[in-house]
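A.B. asks: So the chains spell out like this:
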Amino acid sequence: KQEVTQIPAALSVPEGENLVLNCSFTDSAIYNLQWFRQDPGKGLTSLLLIQSSQREQTSGRLNASLDKSSGRSTLYIAASQPGDSATYLCAVRGKTSYDKVIFGPGTSLSVIP
Amino acid sequence: DTAVSQTPKYLVTQMGNDKSIKCEQNLGHDTMYWYKQDSKKFLKIMFSYNNKELIINETVPNRFSPKSPDKAHLNLHINSLELGDSAVYFCASSHRVALAGELFFGEGSRLTVL
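For the record, the sequence lines run as chains A and B.
With the numbering used here as the guide, the letters of the first sequence map in order to residues 1 to 113.
With the numbering used here as the guide, the letters of the second sequence map in order to residues 1 to 114.
These are computed hints drawn from the structure, not numbers from a lab.
Treat the numbers as computed from the prediction; the structure is a model and nothing was measured.
No false leads were mixed into what you were given.
As a list, the in silico DSS-like pairs of lysine-lysine whose alpha-carbon atoms are at most 25 angstroms apart:
1. B:Lys41 - A:Lys42
2. A:Lys1 - B:Lys40
3. A:Lys100 - B:Lys22
4. A:Lys95 - B:Lys44
5. A:Lys100 - A:Lys68
6. B:Lys44 - A:Lys68
7. B:Lys40 - B:Lys9
8. B:Lys44 - A:Lys100
9. B:Lys19 - B:Lys67
10. A:Lys100 - A:Lys1
11. B:Lys36 - B:Lys19
12. A:Lys95 - B:Lys71
13. A:Lys95 - A:Lys68
14. B:Lys41 - B:Lys22
15. A:Lys42 - B:Lys40
16. A:Lys100 - B:Lys52
17. B:Lys9 - B:Lys44
18. B:Lys52 - A:Lys95
19. A:Lys95 - B:Lys36
20. A:Lys1 - B:Lys36
21. B:Lys19 - A:Lys42
Here are a few chain A residues that face chain B, going by a calculated C-beta distance under 8 angstroms:
22. Tyr98
23. Lys100
24. Phe103
Chain B regions said to be covered by chain A (calculated; three or more residues, Cβ under 8 angstroms):
25. 46-56
26. 103-111
Glycine residues also receive a C-beta, built at the ideal position from the N, C-alpha and C atoms.
Kindly produce the complete structure, drawing on both the sequences and the hints.
C.D. replies: What follows is the structure in structure tokens.
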């Protein structure tokens, strides 16, 4: 049974710092991995999706990497800004495109001006 | 244009009542989902439909009944509401093949059972 964990649970950094959020999953047979952000009281916004055959994806100041063999993904945020404050969720889809997507518990990020 | 839209956004009701939440997506996706986010903010899959066919049905009480009239709509009906049903319910959609199965979420429907 796939389990997804995220470390740390919460993180507070001063503005301008580079930071790394971690995601681990127990079953390496995945179809894809997706990073989301959730602002308080809002829905989830997709940030990056990495297919199982890919190693990383980049979008602006965000870079996500995937190491399937070790069951890990990292989300790197460069030059953090107060607007980056949100909860970041990692989600893993099982072996096929029909399989369910399992979410991690999230990392709550606070960027202090 | 909202890609995945849910109504209502807020729902306050008494125990024992029956309520429905509606979801529509205009992304041309063929798969839709219901997720539940509890008070601890943990997101858990409830149901998934592909082209109107139920493909994922997690261990959810049978008081919860999803219905997909077409592949752009997925509704959730809840009978005999209980206090523990209070949560935020999210609808999501994806395409099984295109866009690598990327998930898109609605804004959520906050259900409060008194």
